[in-house]
Amino acid sequence: MRVPPCLLLATLALLPAPARAELYYLIVAGLGGDPSYAERFAEDATAMAAAAERTVGSRDSITVLRGDDATRDALREALAGLAGSTQPADRLAVFLIGHGSYDGHEYKLNLPGEDITGTELEELLGAVPAQSQLIVNATSASGAVLEPWSAGGRAVITATRSGAERNATRFSRHWAAALSSEEADVNKNGSISIQEAFDYASRLVAESFEADGILATEHPELRSDAAGAFEVSRLSARVAATPVVEALNERLAELEEEVAALRLRREELGDDYLPQLQALLVELAEVQEQIDEASAE
Amino acid sequence: MAGRASPFAALALLLCAAVDAEAAYGIDYSADRPEELRACDASYFRGERAESGRCYSALLAGDADIRIKAEAAWALGNIVAANNYFQEAFDANPEDARLRLRWGKLFEATNAEAQEVATLYREALEIDPAYAPAILGMAELAAGRFEGRAREWVEEALEIEPESIGAHLLLASMELEVGNLELAEESLDRAFELVESSDYPPLEVYALRASLDLLRGDFESQWITRALEYSPMYGDAYAIPAYFFVITRRYREAIDFYERAVDVQPDLYAAHTALGVNLLRENRVDEAYRHLRTAYEGEDGYSSDTTVNTLNLIDSFVNFTVETYDGQTDPAGGGAGVILRLHQDETDVLTPYVLDLVNESIDTFSERYGFTLEEPVIAELYPVAADFSVRTAGLPGIGLLGVAFGYLVAMNSPSQAGSGQFHWGTTLWHEVAHVFTLEATDHLVPRWFSEGVSVHEEWSTGPLPGRHIPVHVLQAMADDRFLPISDLDEGFIRPTYENQVIVSYMQAGLICEYIAMAFGQRALHGMLERFRAGDETPAAIEAALGITPAEFDDRFALHVAAEFDMVLDNLEAWNEARAALREHAAAGDWEGVRNSAAEAIALMPGYVDEGSPYLALERAQRELGDQGAARETLERYWRLGGYEPTALMRLARALIDAGNNETAIEVLEALVLVTPLDESVHADLGDLLLETRPADALTEFTVLAALEPHDQASVNLRLAKAHMALGDTGKATEHLLYALEIAPHYREAQQLLLEIVR
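Protein sequences, first through last, are from chains A and B. Mapping the first sequence onto my numbering, position 130 (from 1) lands on 130, and the numbers just tick up by one. Mapping the second sequence onto my numbering, position 619 (from 1) lands on 619, and the numbers just tick up by one.
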């Protein structure tokens, strides 16, 4: 995919923003053990942090713990901070990178010093008021926390489908790529939803094992009722919209809804579907063009 | 050895279903075969089953030794009882070498694992190291797997027992396999004398004599008639010669003979299996299925792996598409069309490239060999390695990637895991060359010449430039391991050292290259004509080239010396330079890598295969920040025939960045012949072709769509652009709507849509 990012910029920048809620990120790269893993985990964390910064426009709402700093105490402290600073309308995205373990009863995230358990993390996350939460646990054995963590309606992604998949995972590398990939942005709206990022990353995981000619040792899982609605990353920074642009954006949103409604009637409409779709999409393109022109002034 | 009956429990279970089924009861030539059994054998092998049945039954009912009862039960087809008797006899006679041999023979007849059979033979030899029948048993097992050591075993058996009929017959069979007809005849003469002077059935001698006649082109052999006069339902009178037709790739004659075999002996299930397998090689799928099914049902409970696996393969054909393409080739080239059998998941992706390449190869070879194909070439590509293995079952020294059975070519699909090291385009080119050498000679071409022409064509007209000779073959050349031309087939059929088959491929390729160079391409036609006329290699060489094989060997050796002496002289220094660059790379010393790689390249500039120093040099140049030099190195590597896919993709991207789209297109087109399932190859290639070759761009984007990429919106945009470039705004609009239906905000698609509607 070789679309110049500048072509997307105007459109993407002016899409309706989520209602003034803040998006917070907590990114943790756990204990690498082997230097090559430590390096890889740190790289993944850096890539995720860059995507987060591009999305929210500053580092204020981003916490990154990696290397020797990623201790249990530091993690507890970061989550306690979020518990104190976020509002129910806010959103929280947590990315856990590294090695995990599962002994049949308890999941543990490997950290420098004392590990942290899945139960403890669940309690700490439960204390954060932000009601819309995404937890991406990209560690080995992460499937062990899939059900308990998602029980409260939280969106949870795990690199493995159970605690029994214990090999070092590849998911975090592909998740980091998904957050900045135009290819992952299937609907080309300039932002990456949970669903888009998950679909892209899990596909790359499967393909990487296939290319290596070995059986996959991890099978990513997603639990979420609204994975398409949660914007986890933007491909370009947001800019402020003028009142004219706001009005055009409203029309754009209406047209989008009409397109979505029409798609549901595709079979019923038969040969009439494409002409009706074309009429809506042409109008949508024209409105978009007007937005671009208004933004350029 | 003691208490080792447990492994056979599994066999006992397996055999439970095999009561009264027919399991091949072959002639036992052992000098120590009990007289009682030999009396029954006389009528059995004359086909007088009622009489032999009474005879063996009497042995079973009487107070004969348990070992004799085991044999009698086996002859009567009661395999479970035979196995039980053998087990009982085993417990009572733990030191009986013959018993273990015969029990092994029962295992062999019931398609047990060769390893289990070999265990029994080895145990017999532990009891009596000089027990010739067990040594011969080991020889037979090795021969069945086309192992060179078979000859050592059989010679050892003959040393101990010079009058072993079985050993002489095996030796004859092995000589027939490699086309040494005179040596085969000598062994058969000896076996014949021994059979004549004894009361053993002469059936196998007759069948092998018939095979010899048939391989010499005498289709009116008296020996089949004599065998059938001796035993009217002796199906092996046909099945044994049929086997040699298979070995010499004359599948149509093999089918004819296997059909006759099952006509005279309907319960000869091994012949039904072989018939099925060979019918499949002729693409006669329904008939193949019927015979394999007959074998499966007849061998109730002890079917061979070949039977079961081939039936499963045929069942899997429902997942394949079969498309016929007529008149695709230039009529002047004489192609009779192409049939593609591709897995349904790959059909849309592979069809354009496979079809193009098959057609191009047909045109090329039709012209170069002056031969017009009379039937369509059938190309099958298997995405599952196991299916391809089943397709090639039973062929000696077979390559891992492709096979040609005549007009039918089967090969691994590039989708198989790890396929990046597999240049499928070259494999296909190689196999279609076989179609010509096989069909132009009515399948009489010797293996070495067919392989030699295919390798020569790979190097001279194939899609990949240059010779590709593995390092171990260069080492074999340095060690003077090339065979005389008259013996070259042995290097394919019964290799005596690791990798000899590959060495033989390369030698054959070099020989054909030399013939074309020294005697002209026309001389290769001449060789084909001589083979078609029935000449063996020495006669064909003399007739087509006008020199003796010995003279040819001398001249070829001079040619090889002229071509390779410098390379071979440098081999050690080259290996040292490569070892040094590996050490430098491990230490992150990129300057050192650059120097060592450059040194290695200077010593052997044409080497672009596994471990090529070009790739190390390019890496070093990148690490040292010299991107321009890195690109030039990669380009040189590619132009010499290097095809490592990630390197070529790097080259393509570097060329695009440098604005050299024309060469980038060439590189990406080369990549399609390595990794046709890589989405980025088709996306990039289509993008580059869009302006100048929109029809080809549309092909690339259509293939990209068939790969079902993650980003469906952008592939539809690409398709829209290609249709626009071809002037089809209707199709373009349709694809834009598909793109925008998925991604309503897709700015580039919106702009194109507005451009069309305004």
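Don't read these hints as lab results, they were simulated from the structure. Cβ atoms here follow ideal geometry from the backbone N, Cα and C, with glycine treated the same way. Do not rely on the hints blindly, as some may be mistaken.
Said to hold, decoys possible - Calculated cross-link-like contacts (lysine to aspartate or glutamate; reagent style EDC-like; alpha-carbon spacing at most 20 Å):
{"hint": "1", "chain 1": "B", "residue 1": "K731", "chain 2": "B", "residue 2": "D348"}
{"hint": "2", "chain 1": "B", "residue 1": "K731", "chain 2": "A", "residue 2": "E207"}
{"hint": "3", "chain 1": "B", "residue 1": "K731", "chain 2": "B", "residue 2": "D687"}
{"hint": "4", "chain 1": "B", "residue 1": "K731", "chain 2": "B", "residue 2": "E669"}
{"hint": "5", "chain 1": "B", "residue 1": "K731", "chain 2": "A", "residue 2": "E22"}
{"hint": "6", "chain 1": "B", "residue 1": "K731", "chain 2": "B", "residue 2": "D678"}
What the hints assert, rightly or not - With the Cβ distance kept under 7 Å, some of the chain A side facing chain B (calculated, not the full set):
{"hint": "7", "residue": "K188"}
{"hint": "8", "residue": "N189"}
{"hint": "9", "residue": "S191"}
{"hint": "10", "residue": "A247"}
{"hint": "11", "residue": "R251"}
{"hint": "12", "residue": "E256"}
{"hint": "13", "residue": "L274"}
{"hint": "14", "residue": "Q278"}
{"hint": "15", "residue": "V282"}
What the hints assert, rightly or not - Over 10 Å on every C-beta distance to chain A, these chain B residues come out as not near it, computed from the model:
{"hint": "16", "residue": "N93"}
{"hint": "17", "residue": "Q222"}
{"hint": "18", "residue": "Y302"}
Consistency of the hints with the structure:
The straight-line distance between the Cα atoms of K731(B) and D348(B) is roughly 19 Å, inside the 20 Å bound, and the hint therefore holds. For the proposed pair K731(B) and E207(A), the alpha carbon gap of about 32 Å is over 20 Å, so the pair is violated. A hinted pair counts as satisfied when its Cα atoms are at most 20 Å apart, and K731(B) with D687(B) qualifies at roughly 18 Å. Taking the CA atoms of K731(B) and E669(B), the gap is about 26 Å. The hint is violated against a cut of 20 Å.
For a cut-off of 20 Å, the pair hint linking K731(B) to E22(A) is broken: about 44 Å separates their Cα positions. Distance hint between K731(B) and D678(B) is unfulfilled; the C-alpha atoms sit about 25 Å from each other, more than 20 Å. Hint on K188(A) holds. Least Cβ distance to chain B is approximately 3 Å, under the 7 Å limit. Hint status for N189(A) relative to chain B: holds, with the closest Cβ pair at about 4 Å, below 7 Å.
At about 10 Å, the closest approach between the beta carbon of S191(A) and any beta carbon in chain B exceeds 7 Å, and the interface hint on this residue is violated. Interface restraint check for A247(A): the shortest CB-CB distance to chain B comes to about 17 Å, outside 7 Å, so the restraint is violated. A least Cβ separation of about 13 Å between R251(A) and chain B goes past the 7 Å threshold, and the interface hint is therefore violated. For E256(A), the shortest C-beta to C-beta distance to chain B is roughly 6 Å, which falls under 7 Å, so the interface hint holds.
Evaluation of the L274(A) hint against chain B yields a held restraint, the C-beta minimum of about 6 Å falling below 7 Å. A least Cβ separation of about 6 Å between Q278(A) and chain B falls short of the 7 Å threshold, and the interface hint therefore holds. Interface hint at V282(A): satisfied, since its Cβ lies 5 Å from the closest Cβ of chain B, which is below the 7 Å cut-off. Even its closest Cβ contact with chain A, about 48 Å, leaves N93(B) beyond 10 Å, as expected for a residue assigned away from the interface.
Chain A leaves Q222(B) outside its interface by the beta-carbon criterion, the shortest separation being 55 Å against a cut-off of 10 Å. For Y302(B), the non-interface assignment is confirmed: its Cβ lies about 32 Å from the closest Cβ of chain A, beyond the 10 Å cut-off.
Hints 2, 4, 5, 6, 9, 10, 11 from the list above are not met by this structure, while the remaining hints are.
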